[in-house]
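In order, the protein sequence lines correspond to chains F and G. Going by our numbering, the letters in the first sequence line up with residues 14 to 471, in that order. Going by our numbering, the letters in the second sequence line up with residues 14 to 471, in that order.
In short, the hints are calculated from the structure, not lab data. Check each hint, because a few of them may be wrong.
Identical copies go unnamed one by one, so any copy, or any two together, can satisfy a pair.
Below, simulated SDA-like cross-link-like pairs (lysine to any residue); rule was C-alpha separation at most 25 Å, straight line [unchecked claim]: (1) K113 <-> D189; (2) K249 <-> E219; (3) K359 <-> G253; (4) K358 <-> V266.
The model shown is predicted, which means the values in this text are computed figures rather than measured ones.
Protein chains: 2
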Amino acid sequence: MPSAVDDYIKQNESRFLEELLELLRIPSVSTLPEHTEDVARAAGFVASALERAGIENVQVIPTANHPLIYGDWLHAPGKPTVLCYGHYDVQPPDPLELWKTPPFEPSIRDGNIYARGSADDKGQMYMHIKAIEALRSTNGGKLPVNVKFLIEGEEEVGGESIAKYVPKNKDRLKADVALVSDTELFADGVPTLCVGLRGLMYLEVEATGPARDLHSGMYGGAAPNAVYGLIQLLAKAKDGDGRILIPGVYDDVAIPDPVEVESWKRLPFSEQEFLRLVGSTELTGEPDQSVLARIWARPTFEVHGIAGGFTGAGAKTVIPAKAVAKVSFRMVPNQNPDRVLAAFKKWVKDNTPKGIQTEVRVLSAAPAILVNPHHPAIDVAAKTFSETLGKPTVFIRGGGSIPIVGEFASELGIPTVLMGFGLPDDGLHSPNEKYRIANYYLGIRTIAHFLERYGEIS
Amino acid sequence: MPSAVDDYIKQNESRFLEELLELLRIPSVSTLPEHTEDVARAAGFVASALERAGIENVQVIPTANHPLIYGDWLHAPGKPTVLCYGHYDVQPPDPLELWKTPPFEPSIRDGNIYARGSADDKGQMYMHIKAIEALRSTNGGKLPVNVKFLIEGEEEVGGESIAKYVPKNKDRLKADVALVSDTELFADGVPTLCVGLRGLMYLEVEATGPARDLHSGMYGGAAPNAVYGLIQLLAKAKDGDGRILIPGVYDDVAIPDPVEVESWKRLPFSEQEFLRLVGSTELTGEPDQSVLARIWARPTFEVHGIAGGFTGAGAKTVIPAKAVAKVSFRMVPNQNPDRVLAAFKKWVKDNTPKGIQTEVRVLSAAPAILVNPHHPAIDVAAKTFSETLGKPTVFIRGGGSIPIVGEFASELGIPTVLMGFGLPDDGLHSPNEKYRIANYYLGIRTIAHFLERYGEIS
């Protein structure tokens, strides 16, 4: 039977949607300097939304890069405190030409909102705020638990500012559990809690060869080529299947618990459907690992792009003097970013081709995290989620990284409920990213009920 | 003792320089569509210059891409006909940030003109026009030989239009010899004729993997990466020294005549100086070949750049769906572009990694050429050149490609005098391309005297 909260949410759906669309129109691309003002505008929008929802002490906190937003409501003595986290920054939208409708002009088609950031993470972060509004509006301005909000604008660029802020503000951020909605349902209609995330180390590898770009006719055959040197180096990082060949990278990899591995086999996972989402002729990766193990419990080495040389229209016969590759490692539990970096640097040094110099730069690094699925907050979350969707909650891992979850564990000593409402085909970081409108409302309801029930167990 | 022609050139040096600077100010970058109008403007400039020099029947001939320019002066009955070729288009100037002064605002420093196209080829092509002016002005409007001019605007993009024009206009272009100034002195002060040029085949290799760019957290470990697939493919093309590993590519390579190889050993060549020009820590290439053989008589495979994935500032964790590499083969005498292409296509097919599709596109293809050094015009050119510089002329090859020289041989049945006045450190295709002003005047004098002497032998 629908509660007062459910009724309130139902009655306000169209306004909740409009507010989200307004936020999605702000191109808060954190990695591109030309969008710095847009990112600041998105921060202001979120801060206002928190205030309108009745959150107190709302502050937009300047950082060396993009602002953090803090706010709290602490009038439930004796009740637990939930630290709500989300991010208002988004990935760059390129390649733009592949978007059916512009990335920052949200378009509604077939019950979905198409826009950059719709699922990752504006649409999910905003559910928290609307859940708070619904709870307060139907309960005389009161909340069933104490809440704190910490929302960042650098999640897509490594989250450096929040990583500095958390250790310095442990008292302010003190809580019993963190709540993050930046993940997805394992499959449509399946209540899902994520209890593990891979870490991420993002690097640049720069190769230099000749002192300047050379004419390939005059020097070709005798002069080193920086782009080709980088290609020859990076090609050695993995074998034809996708197994990493860099010595030491697999050394510390934790083997998942057999019980957990067993539970993955019961998930409604179709390799065929996964291949359809990927859209290639076949999958790659370590042949002796299941697909879920490959994306959840195994490290990866990925090359995201190479800049350097000539890539414009037509022909330029140049031997490039310089090339930079963007590469990353996804890391799994027990892997230490410093050790992986040391192994990579040594390997780069040992394998740099003749006539080429290389340099490795770290853009960000965060280890993997694992959450205890038997923690009381996780337990309440699982039960609530089962009720709203009418099915048992499944526990999965995620292949992506939410670096702050590791900080919450190590600095604040609290676990994180990773309760997300995206779908596997939402296209995060891709053209035509979408978020299903029904899941937006489902998320608001589920979060509101989770907070209610969590307030009851104390 | 200086002749009347020498005096005329001396007296008009500053005007000749000003005219060239004006031409260099036109950014006639043939490969970039946004410069189409500039290329047309450069064509108009050259046509006017020809008319002012007394060349008749000057025509700007429209083509599918950039215009050709034709002109002639045919009033020396019984004398040979020289077909003067040059190009008024230039390479793109990027990377712009490495130019000390803007590429299309010619700057004079230390006796050099710094500008894109100063040496390749505007500065050299324009010498022909000024030599004609000097000859006519000092000889009552007459020339010692018949001349035809054919000047193109697509040399830097494969020369498709001129390659179509020549076979269809054999009568119009009938001549005894072609004259091209698009090469360089072997060393400062050494009169040099080029008697061999490598061919060039410029290709694009496109790799596709996933249907769209994917989130590397969600799919990393199981999804193919188009950029990495292309890297793994291309890395196999050469070994660590630079030897090409693509089966069949070396099959037809002609071994140079031992006499020619012997003569290369007597050239004032310093590997140390060559390394200094390259600016890297060491040279690469086939270890069993001399440096001159590697750049003149051996084929190369070069990767000029890879587009695809993320290469902007900061971090984007994307598994790229698509990647395109610009690659080329330099070919030597006896290699057939069609056979090299077939070998490459087969190799690409056989080595394309799992989950990746590849496609090869040809942007241009022209075979290598060799000129008989004992041809009378080459002989006269060598003698003239020896006189203007006071040293024996050396015969060398060039590693670059001037595709039209092959067309002149096969379609018109004439050899080409490759008499260029650049210097090895001119930086063709590189930032800060330069041309020495003294060599510009030297070129005008030497060409004028070559035409005079060539007129005497008939």
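Original post:
With identical chains treated as interchangeable, where does the CA-CA distance between K113 and D189 reach 25 Å or less: within a copy, between copies, both, or neither?
Top reply: neither (43 Å within a copy, 60 Å between copies)
Subject >> Intra/inter-copy verdict for K359 and G253 if alpha-carbon distance must be at most 25 Å >> reply: The answer is both: 22 Å in one copy and 19 Å across copies each meet 25 Å.
Subject >> Within, between, both or neither: K358, V266 at alpha-carbon 25 Å >> reply: within (19 Å within a copy, 40 Å between copies)
Original post:
Which holds for K249 with E219 at a C-alpha limit of 25 Å: within a copy, between copies, both or neither?
Top reply: Classified as both; 16 Å inside a copy, 21 Å across copies.
Hint 1 from the list above is the single one not met by this structure.
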